[in-house]
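*Asks:* These protein sequence lines map, in sequence, to chains A and B. Residues 566 to 993 in this note's numbering are what the first sequence lists, from first letter to last. Residues 17 to 357 in this note's numbering are what the second sequence lists, from first letter to last.
Worth flagging that the hints you see were computed from the coordinates, not collected in a lab. The reader is advised that the hints may include incorrect statements.
Claimed, not checked - Okay, the calculated bits of chain A under chain B, using three or more residues with CB under 8 angstroms as the criterion: (1) 687 to 699; (2) 761 to 770; (3) 875 to 888.
Every residue, glycine too, gets a C-beta built ideally from N, C-alpha and C.
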Amino acid sequence: MSLSNALIIKQGRVIDPANELDAVKDIYIKNGHIIAIDDHISADKAGDAQQIDASGLIVIPGVIDLCARMREPGLEHKATIKSETIAASKAGITTLCCPPDTDPVIDESAVVDLINQRVKDAAHSHIVCLGALTSGLKGEHLSEMAALKNAGCVGVSNASMPITNTLVLRRALEYASSHDLTVFLQPNDPHLSDHGCAHDGAVATRLGLPGIPSAAESTIIARDLELIAEIGARVHFGRLSSARSIRLIEQAQQQGLQVTADVAVHQLFLTEMDLSSYNSHCHVLPPLRELRDRDTLRQAIADGFIQAICSDHQPHEEDAKLHPFPATEPGISGLETLLPLTLKLVTEGVLSWSQAIASLTSAPARILGIDKGHLSTGAVADLAIIDPDKDWTLETANINSLAKNTPFLGWNFEHQVKHTIISGRLIK
Amino acid sequence: MVNKNARATNPLLGQDHWNIQLDKNGRLKHFLTIEGLGSDILNEILDTAENFTSVNKRVVKKVPLLRGKTITNLFFEASTRTRTTFELAAKRLSADVLNINISTSAATKGESLLDTLYNLQAMQTDMFVIRHQDSGAAHFAARHVAPYISVLNAGDGRHAHPTQAMLDMLTIRQKKGHDFSALRVAIVGDILHSRVARSQIHALNTLNTGEIRVVAPRTLLPADIEKLGVKVHYSLQQGIQDADVVIMLRLQKERMQGAMLPSELEYYQQYGLSRETLKYAKPDAIVMHPGPINRGVEIESSVADGPQSVILDQVSNGIAVRMAVMSMTLGTSAQQTGEDK
Numbered sequence: 566m567s568l569s570n571a572l573i574i575k576q577g578r579v580i581d582p583a584n585e586l587d588a589v590k591d592i593y594i595k596n597g598h599i600i601a602i603d604d605h606i607s608a609d610k611a612g613d614a615q616q617i618d619a620s621g622l623i624v625i626p627g628v629i630d631l632c633a634r635m636r637e638p639g640l641e642h643k644a645t646i647k648s649e650t651i652a653a654s655k656a657g658i659t660t661l662c663c664p665p666d667t668d669p670v671i672d673e674s675a676v677v678d679l680i681n682q683r684v685k686d687a688a689h690s691h692i693v694c695l696g697a698l699t700s701g702l703k704g705e706h707l708s709e710m711a712a713l714k715n716a717g718c719v720g721v722s723n724a725s726m727p728i729t730n731t732l733v734l735r736r737a738l739e740y741a742s743s744h745d746l747t748v749f750l751q752p753n754d755p756h757l758s759d760h761g762c763a764h765d766g767a768v769a770t771r772l773g774l775p776g777i778p779s780a781a782e783s784t785i786i787a788r789d790l791e792l793i794a795e796i797g798a799r800v801h802f803g804r805l806s807s808a809r810s811i812r813l814i815e816q817a818q819q820q821g822l823q824v825t826a827d828v829a830v831h832q833l834f835l836t837e838m839d840l841s842s843y844n845s846h847c848h849v850l851p852p853l854r855e856l857r858d859r860d861t862l863r864q865a866i867a868d869g870f871i872q873a874i875c876s877d878h879q880p881h882e883e884d885a886k887l888h889p890f891p892a893t894e895p896g897i898s899g900l901e902t903l904l905p906l907t908l909k910l911v912t913e914g915v916l917s918w919s920q921a922i923a924s925l926t927s928a929p930a931r932i933l934g935i936d937k938g939h940l941s942t943g944a945v946a947d948l949a950i951i952d953p954d955k956d957w958t959l960e961t962a963n964i965n966s967l968a969k970n971t972p973f974l975g976w977n978f979e980h981q982v983k984h985t986i987i988s989g990r991l992i993k
Numbered sequence: 017m018v019n020k021n022a023r024a025t026n027p028l029l030g031q032d033h034w035n036i037q038l039d040k041n042g043r044l045k046h047f048l049t050i051e052g053l054g055s056d057i058l059n060e061i062l063d064t065a066e067n068f069t070s071v072n073k074r075v076v077k078k079v080p081l082l083r084g085k086t087i088t089n090l091f092f093e094a095s096t097r098t099r100t101t102f103e104l105a106a107k108r109l110s111a112d113v114l115n116i117n118i119s120t121s122a123a124t125k126g127e128s129l130l131d132t133l134y135n136l137q138a139m140q141t142d143m144f145v146i147r148h149q150d151s152g153a154a155h156f157a158a159r160h161v162a163p164y165i166s167v168l169n170a171g172d173g174r175h176a177h178p179t180q181a182m183l184d185m186l187t188i189r190q191k192k193g194h195d196f197s198a199l200r201v202a203i204v205g206d207i208l209h210s211r212v213a214r215s216q217i218h219a220l221n222t223l224n225t226g227e228i229r230v231v232a233p234r235t236l237l238p239a240d241i242e243k244l245g246v247k248v249h250y251s252l253q254q255g256i257q258d259a260d261v262v263i264m265l266r267l268q269k270e271r272m273q274g275a276m277l278p279s280e281l282e283y284y285q286q287y288g289l290s291r292e293t294l295k296y297a298k299p300d301a302i303v304m305h306p307g308p309i310n311r312g313v314e315i316e317s318s319v320a321d322g323p324q325s326v327i328l329d330q331v332s333n334g335i336a337v338r339m340a341v342m343s344m345t346l347g348t349s350a351q352q353t354g355e356d357k
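Whenever a hint applies, use it, and build me the whole structure from the sequences.
*Replies:* Here's what the structure looks like:
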């Protein structure tokens, strides 16, 4: 680390979608902030700044992950704030957004204070929290949203817990919008899901796995959109999985509703077919769906109907996956693959560089309403520097997360994070 | 698809779930599902079972094929018929049999399936016969036990019940001959929850059956079932029209509570096999049922006990088929040794 508290990143290809910038630049960082971005920053101006030669490398705003579980407080045997923020920082992720389904639930300001204290003590990256939309995430009583906002929550959410009472949801949307809070929803009808563990289609039928139909997601989106149209709330739909959901989101956006959406990156690569070996690492909720769903999700990012890509990071201890498929816990440890998988979409011609980087930086920042995700002069210096031509293979040994539950072991990637800078500090 | 080369290096991704059933010589090592097995192996099972039916008719019903072997019946779900016939099959092959009754076992104390398997493995079991409520449980066991142990699936969730399907195939073969291509087979009832139906469909397709139909209301049919190679009928009369084989499935009473059906009475009226409705099938059609029967729910007593019923033949064949599969799987693994996991 530089003693001078200053860094200069020389001659990297800077891709900063928020500023519509894609050019070779020098970036000068001091005291945690970006001081200057220019074609060439002379040595005398930079003084004794530590130099990073970024020629041939790509410099982007630090990745903002819209949904990542730290498991702390409550499930520290799976992961901790320390372990997961270290993993994130090495994977180019500088800000993590933590949903409120911790134990205790983030439904009162004291829990936010507790998490903020632990973050201050142990975190290696920025963390922002969503507060609970309803008390205990039970979908019955509104949480103290104003207090949660004052304590620092950037939005409110019921995490993956459903709100089956539509009146409660309506009031929650009304109350949240009264306090200018974005509501983060993960649409799921628990009656239609009915304890299923796989997409209700040919593969689930063959494997005898209880199915979750696409309508479990899309009927709830349709319901929620009707309320949003009437109330005018600002809502973000997260972790979408089905093509029919995308059509609904697309229509709502075209009607001018304040609706955004994200997708977990694994949904862009895996399908129900990957369950064929009862691979419990592919047990995720919402489930992996059909190839046409995957392709629709991909296209929706390119078309701008889905704005953001997240990891939906769900670290698990090894035992959580060592059962017959339906009895395993759902979720993927996804921090380490968020950026490399997203950049694979660039290689495959699905997204442009600018689209891919925007979906990980400026878009999630805008959704969270935080002043991050761009490389403007004066901004907090959160950056990632990527080697775009470095073949590597994901192996258990190079996963920094405490949890190794990923179906992407053995996958080859061609983009590797070389450096991460968080608040001006060179982490990697 | 993305990154095919990368997938090939991963031991799980891209590997079809049935492949672990066969050893490197293509011989049956585990018996987990019919899917992916060729007609050669299915016919070998049927031929071997046919030979064992003569053993079962002798005064001394025992052969020394598996003397010294230990077979553990590990049943996480209640079963009378299946567990009993597995036990009899093992004993007639002279194996030692250990029955693990799960209601009094460690599973209720929170021991995981894996721990249960490892503990029993430490007692030098050669074969696990497993019935479990979760689909994929038998595959899970096969993947984790020591390499010298064989796993037989005695029913996993909704997924598979391959020995039941093979005893059904043996019964059909005995009654209708070796050529399945001329046969029209109808499977009637709760296909959605039925591991028996799934295994029967795979077996019938592998044996080149002329036409396979499933008959049920849509609430009891799984998504995209036609992709397994069946024709779907919602009407019993149309579904069994000119059928050579009518297989009735058991209807669990709890399906009424789950609002999948309006009432037992309406189900019986629409899908129950009575002497009247059986007339739609061919006059020489055989009637099958994997048991246990709900008389007056899915089948009329006079049909279950009638001249066209082969339900008790199925039970007898169950012992022979299980003997066949046990001798084939342990026969191949007998030459192999492996280290404990």
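*Asks:* Sort out which numbered hints this structure fails and list those numbers smallest first.
*Replies:* 1
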